[in-house]
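> Here are the chains, one letter per residue:
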Amino acid sequence: MLHEPARDSGPDPATAYKTRLGLWMFLFYCVFYAGFVLINVLTGGTVMQSIVLEGMNLAVVYGMGLIVLALVMALIYNHLCTAKERELADAARKEER
Amino acid sequence: MNLHGTPLSIAVFAVFVLAVLYLSFFFARKAKSASGYYAAGGQIHWAVNGISFAGDYLSAASFLGICGMIATLGYDGFLYSVGYLAGWVVALFVVAEPMKRMGKFTFTDAVDAKYDSKGIKLAAAISTLVVSICYLIPQMNGAGSLVEPLLGLPHWVGVVIVGSIVIMIVSTAGMASTTYVQFLKGGLLLIFSTIMVVFLLVRGIGTDPVSLQDASGKKLLFVPQQSTEAELATQGYQPVHKAGEFLKFTREGETSWWRRDAQGGLWQAQWAAGDVVNGQVGGLLQPVSRITAIGGLTAEEAARGTGPISPVGFLASLTHAETRIEQWHTAKVADEAGRRTTIYYPKNVSGTDEMKPGVKFKVDTLWNKLNFISLMMALFFGTAALPHILIRYYTVPSPACARKSTIVAIAAIGFFYVLTLFMGLGAATNGTVNPADSNMSAPLLAMSFGKVLFALISAIAFATVLGTVAGLIVAASGAVAHDLMDRYGGMNLTETQKVRAGKISAFGVGIVAIILGILFRGINVSFLVGWAFAVAASANLPAIVMLLFWKRTTASGIVASITVGIISALGIILTGPEMFAGPYGRTAAEAWHKLGQPGIISIPLSFLTLVFVSLATQKKAVAARR
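Residue numbers (this note's numbering), protein chains in the order written: chain A, 2 to 98; chain B, 13 to 638.
These are calculated hints, taken from the structure and not from any lab test.
Predicted model, so just to flag it, every value in this text is computed and none were measured.
Fair warning: there could be bad hints in the mix.
Stated by the list, open to error - Listing some non-contacts, in silico: residues in chain A with all C-beta distances to chain B over 10 Å:
| hint | residue |
| --- | --- |
| 1 | Glu55 |
| 2 | Gly56 |
| 3 | Ala60 |
| 4 | Glu86 |
| 5 | Leu89 |
| 6 | Ala93 |
| 7 | Arg94 |
| 8 | Lys95 |
| 9 | Arg98 |
What the hints assert, rightly or not - Reference listing, derived: stretches of chain B covered by chain A, where coverage requires no fewer than 3 residues with Cβ under 8 Å from a Cβ of chain A:
| hint | region |
| --- | --- |
| 10 | 92-101 |
| 11 | 320-328 |
| 12 | 369-375 |
| 13 | 378-391 |
Glycine is no exception: its CB is placed at the ideal position from the N, C-alpha and C atoms.
My request is simple: use the sequences and hints to build the entire structure.
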C-alpha cells in the first residue's frame, strides 16, 4: 500500500505562484533572522539582556519568536499555496468542460 | 562519574532494537525496485514524513549536544537551536517543492535534472559523501560514548553495535525501514522530552536541588566551597603550585585545586590527572551545577524551592538579575611536576549573564563578530542543503506533500528546540551535569526523576543516533551506487542490480563509518557537524538556488560552484584557529588566519563562482543544447 513505485505527480500550474510567494516569504524571514544576528554582533549582548516580556529578556523572546514565526509563516504559506492550487485546478476543470 | 545502565534501560534499549529490526524485515519485501529502496516508493504519508524529518534531523548533536551546551554555557547553546530551526525556513520556501519536482533518488538527481552532465554527477556525489562522512563520524563516536556508561560496554563495542544495526536497517529495506525508524525515534523523542520538561516545571527550582543520589540515598552533588587564601591558611592548607588563576593546595596529604575569581575569592574545583581523580586513584567526578540564589526570594524561600512553576516563570526566574547560577568550565594546566591536570571549576554568574549570549560566542573583536555571523549563516543555509535531509523529499507522492511534510517538520523540530532550553537549564539548576561530559546532561536530568525515565531517555538517546546514522547511510550509499556507479559510471544497472548495488554500498559505507567511529575515539569531533553544515551551505545550496532562480546557470557553473564551495569551506576550516588549537595540538595564534567558521567567505564565493563560470560558458551551453 505504502511502497508502490512513485508516480509522476504531473504538471503543477501553481508552480510560478508558489515559487514567487516562497521567495518573498523567505526574504521576509531573512530580515528578522539577520536582525537577531546583527543585534548580537553590533551591541555585544547588551541589548539582548534587556527585559522585554514577563521577566524574560530580548535574547529569549527573540529566539523563541524566530521559532514561532517560522511555524506561523509556514502555515500561512501552506494556506495560500493550497488555495491557489485549488483555484487553478477548479479553473482547469471548468475549461475542460 | 560512573553511570551504569540499569537492567531496565538495557531492556528498553533491547525492545527498541528488536522493534526496529522487525520493521526492517517487514518492509524488506517491499523494497524490490530502485524506487522502493531509495525513496520508499515515493508513497509515504506527508505527516509520517514530517515526523521522520524530525527523527532524521534531531541528531545526537541536537539532543545531547545542545542540552549539554545550555547546561554549561547558558543561553549560547540555544543559539544553535535557533539557527538549526531557522534553516528549515529555507527548506520550505525555497527547496522543498522544486526538489520533489526535479529529483528522483538523490541530491545529485535534482541538480543534474536539466543538464545530464557527468561533471555535475561526480561533483555532487563527492559533495554528498564529504557532508555525510563529516556528519557520520561524530554520530558513530557519540554512539560509542553513549554505550560506554549506559550499557557498561567498551566504546568500540558501542560503535560496532550501532553500525551493525544500521547496516541491517538500511540494507534490508533502504528508505522504507529508515523512514519508520526515524518516525519512531522522532515521535518518542518529542513525547519523552515533553514529559521531562513537565516534570521539571512541576518540581520547580531551588537552591537545594534533588540532584543524583548513590545507592544509600546520599546526594552526589558537588557543592564547591568558597574561601580565601587567608582562611585556607588558618585551616592548614599549604599552597603548592600556581597556574594562572588556579592554585593547588595540600592538607594532611590531600590535594585540592581552587580557582581565584575576579574579586580574589577562591572556589573549590574538581580535578583529574591521569587516573587520579579528586586525589583518589580511579576516583570519580561528582555531578555539578546548581542555582545558588533566586531573584525575588529570600535564602530560606530559595532553599525550599519555588514548587510548580510556569514555563515563563521558570525562564523569568533564571533571567532575574539577582539570581546566581554556577556555570562549570574546564581548563588544562600543568602542576608543579609538569603533569597535565584537568580542572573542572565553577563560575558563579548572575541570571542576566546566564541568559544572554556571549559566553561561548564572544563578539568583542572583528574576527569574533565575523565568526559569529559565519556560524549563523552556515546553520541557516546549511539545513536545506544536507543530502540526507534532501532525499526525504522523494519519499512523498507530490510536491504539495513535500511542502506539508516540511511544515510538520518545522512544528516538531521547533517544539523540540524550545524544549532544549528548558532541559539544558533544568540540568544546570538540578545538579545533573557531568563536568567531564556535558553531553550527558539530558539523560542525567532524566535520572533525577527516577530510573524509568532515565531508562527511556537513554534508549531514546541511542535511538537518536540510529535514526540519523540510517539516514546518512542511505544518502551516502545512494551517492555511491546510484550517482557514481550507475549514472556517472554508465553501468546501466537493472532494477534488481540497482537495489543490490545500493545494499552493498550501504554495507560498505556502514563498515567505513564503524572504522572511523573507532579511530576517532576520544577526539572531540563535534566540529565535524559544523563542517557538514558549512560544506553543505557552501557547495550545495548555491547550486540548488541558482538552478531554480537564474535561467543562465550552466552545468559548468554548477560544477565549479560545488568544487569551489567544498575546497574553500574545508580549506578555511583546516587552516583556521580551531584546528590549530584542537586537533593539530598547536596554538590558535599559529593558524594561517583567525576565521574559524568559513560560511561568510565560502558561501558568497561559491555563488560568485557559479555566476562567473555560467556567464563565461553561455555560448558553449547554448551550442551543446543545439
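> If a hint holds in the structure, say so; if it does not, say that too.
Hints and how they fare:
1. Glu55: The assertion about Glu55/A is violated, with a minimum of 5 Å to chain B.
2. Gly56: violated (3 Å)
3. Ala60: violated (5 Å)
4. Glu86: violated (7 Å)
5. Leu89: It holds; Leu89/A is separated from chain B by about 12 Å at its closest Cβ, greater than 10 Å.
6. Ala93: holds (15 Å)
7. Arg94: holds (17 Å)
8. Lys95: holds (21 Å)
9. Arg98: With a cut-off of 10 Å, Arg98/A remains clear of chain B, as the shortest Cβ separation is near 24 Å.
10. 92-101: Contact hint for the region 92-101 of chain B vs chain A: holds, 6 residues under 8 Å.
11. 320-328: This one holds; 4 residues, not fewer than the three required, reach chain A with a Cβ under 8 Å.
12. 369-375: As far as the region 369-375 of chain B goes, the hint holds, because 4 residues have Cβ atoms under 8 Å from chain A.
13. 378-391: holds (count 4)
The earlier numbered hints that this structure contradicts are 1, 2, 3, 4.
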